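Chains as they are written, first to last, in the numbering used here: chain C, 1 to 149; chain P, 1 to 149; chain B, 1 to 88; chain L, 1 to 88.
Just so you know, not all the hints are guaranteed correct.
Claimed, not checked - Restricting the straight-line Cα-Cα distance to at most 25 Å, the calculated cross-link-like pairs of lysine-lysine (BS3-like) are: (1) P:83 / P:67; (2) C:123 / C:67; (3) P:116 / B:67; (4) L:67 / C:57; (5) C:67 / C:57; (6) B:67 / P:57; (7) P:83 / P:116; (8) C:116 / C:83; (9) P:67 / P:123; (10) C:116 / L:67.
Claimed, not checked - Far from chain C by the CB rule (all over 10 Å, computed), these chain P residues: (11) 20; (12) 35; (13) 45; (14) 52; (15) 69; (16) 74; (17) 125; (18) 131; (19) 141.
These aren't lab readings, by the way, just hints derived from the structure by calculation.
All values reported here derive from a predicted model rather than from experimental measurement.
C-beta: ideal position from N, C-alpha, C; glycine also.
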Amino acid sequence: MLIRVTDQVLNTQEAIAAVESPAAGAVNVFLGVVRDNSLGRRVGFLEYEAYPSMAEKVMREIAEEAKTRFGLIDCAVLHRTGKLAIGETSLLITVSCGHRAESFEGGHWLVNEIKKRVPVWKKEVWEDGEEWIEGPESLGMQPPAGMRA
Amino acid sequence: MLIRVTDQVLNTQEAIAAVESPAAGAVNVFLGVVRDNSLGRRVGFLEYEAYPSMAEKVMREIAEEAKTRFGLIDCAVLHRTGKLAIGETSLLITVSCGHRAESFEGGHWLVNEIKKRVPVWKKEVWEDGEEWIEGPESLGMQPPAGMRA
Amino acid sequence: MGYNAQVTITILLFASVAAAAGIRRLEMPIEPGDTVGSVRDRLVACRPELAPFVPNLMYALDEEYVKDADPVRGGATLALIPPVSGGC
Amino acid sequence: MGYNAQVTITILLFASVAAAAGIRRLEMPIEPGDTVGSVRDRLVACRPELAPFVPNLMYALDEEYVKDADPVRGGATLALIPPVSGGC
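Using the sequences plus the hints, can you model the full thing?
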């Protein structure tokens with residue numbers, strides 16, 4: 001199981017090769033990519049910060065859970081940190097399994113859990129400012145205190 | 001939109017590059033791979049036959065429909081024909097879009113529709129025989145005539 | 001009227017069907033009022049080895065899926081499509 | 001008893017919280033009976049700029065998510081985890 005937090009460019013071929021198996025009929029690959037806009041603002045670049053040792057630990061726990069839950073043969077989870085330009089890959093996930101349905105369901109579940117639990121943070125940098133994006137999907141996010149009239 | 005039926009090895013990087021866009025936040029890649037077993041039998045290799053011109057036409061129709069249905073930015077569908085060894089990729093699909101959910105849903109829908117509608121056939125070859133696999137998911141497959149007691 | 005492309009149809013066979021018939025392509029004369037189904041029935045009459053495949057066949061006329069009752073045109077290509085299993 | 005690793009805890013700060021505090025790592029003495037919450041409260045008392053983050057913080061003790069009421073051990077590492085946004 002390939003698990004890695006790194007400031008180097010993520011290599012798709014490496015992550016696919018890491019999950020190959022003669023018993024695999026399906027491989028699913030997910031690339032989370034820096035896009036040029038966020039909630040209507042033009043993004044210049046992103047900066048990812050991690051608590052690297054804990055991030056790898058939690059990524060491994062999530063990957064093990066995904067293997068059991070979806071009967072995956074193997075999976076790989078790689079997260080990049082540092083400054084990323086538009087079009088660069090921040091998250092790379094590969095899963096291999098017998099059939100296609102589990103490959104999509106397992107991959108999707110993995111990304112969702114990573115978004116909630118892995119200690120990685122994202123700062124958006126625009127032409128005229130920057131902001132830490134505190135993920136609304138994080139387990140640590142409180143719902144709003146009350147409804148506004 | 002990259003659509004291709006070919007007897008050449010499918011290139012994942014080419015299919016990812018074909019859907020790249022500054023507006024894309026998610027790219028999903030699906031690889032259908034030849035596995036070493038099928039319903040308990042050990043597979044030696046597979047042979048895929050296509051009605052190539054119609055297969056490309058139907059793949060393009062399905063891809064256009066997926067773009068509209070899931071709001072995809074772009075997608076690529078490549079299907080290989082001829083003799084394929086264990087571990088080789090028969091089907092390669094990439095989709096790009098704004099966010100992860102549509103990338104998984106759109107990719108999964110594409111594979112399912114391809115399985116039902118694209119005129120491509122598969123022959124399994126074992127040590128001691130071979131058989132054309134008539135897809136139970138094909139639109140042309142009749143349900144069994146009646147229940148058995 | 002002579003026997004020419006205007007009144008013939010090209011039939012394509014694939015996979016298990018081609019293997020059973022021992023042929024992948026043939027031409028057949030068509031008659032006024034012919035449909036996909038009537039052409040198929042005359043074909044099966046001369047090639048009874050195709051009969052077992054008929055319940056699961058789909059048909060494409062010039063690369064477009066059609067139904068039994070759809071009319072055929074001279075010069076068209078009719079493909080007999082056994083259940084597909086593309087993908088993986 | 002001397003002031004040593006047995007009775008101190010290392011605190012890690014990240015992202016928005018590190019930016020607000022202007023520090024990424026510090027050591028704090030702990031007292032018998034201390035919990036995640038009591039250590040956090042003493043930290044916020046000396047660094048009030050952290051108070052606005054508290055409602056959305058998670059905590060990890062030696063890289064394991066814990067709750068406010070969980071006890072802390074001397075020599076442990078407590079990370080203040082603002083809402084994560086890994087992935088994409």
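Taking the hints in turn, this is what the structure says about them:
1. P:83 / P:67: With a Cα-Cα distance of about 31 Å, the restraint between residue 83 of chain P and residue 67 of chain P is violated, given a limit of 25 Å.
2. C:123 / C:67: 31 Å, violated
3. P:116 / B:67: With a Cα-Cα distance of about 16 Å, the restraint between residue 116 of chain P and residue 67 of chain B holds, given a limit of 25 Å.
4. L:67 / C:57: The given pair, whose Cα atoms are some 18 Å apart, holds under the 25 Å limit.
5. C:67 / C:57: 16 Å, holds
6. B:67 / P:57: 18 Å, holds
7. P:83 / P:116: 22 Å, holds
8. C:116 / C:83: 22 Å, holds
9. P:67 / P:123: 31 Å, violated
10. C:116 / L:67: 16 Å, holds
11. 20: 6 Å, violated
12. 35: Violated, because the least Cβ-Cβ distance between residue 35 of chain P and chain C comes to about 4 Å, which does not exceed 10 Å.
13. 45: 12 Å, holds
14. 52: At roughly 23 Å from the nearest Cβ of chain C, residue 52 of chain P sits farther out than 10 Å, so the non-interface label holds.
15. 69: 16 Å, holds
16. 74: Nearest chain C Cβ is 13 Å from residue 74 of chain P, so the label holds.
17. 125: 16 Å, holds
18. 131: The claim stands: residue 131 of chain P keeps its Cβ more than 10 Å from every Cβ of chain C (closest is about 17 Å).
19. 141: 18 Å, holds
The structure fails hints 1, 2, 9, 11, 12 (numbered hints given earlier, in ascending order).
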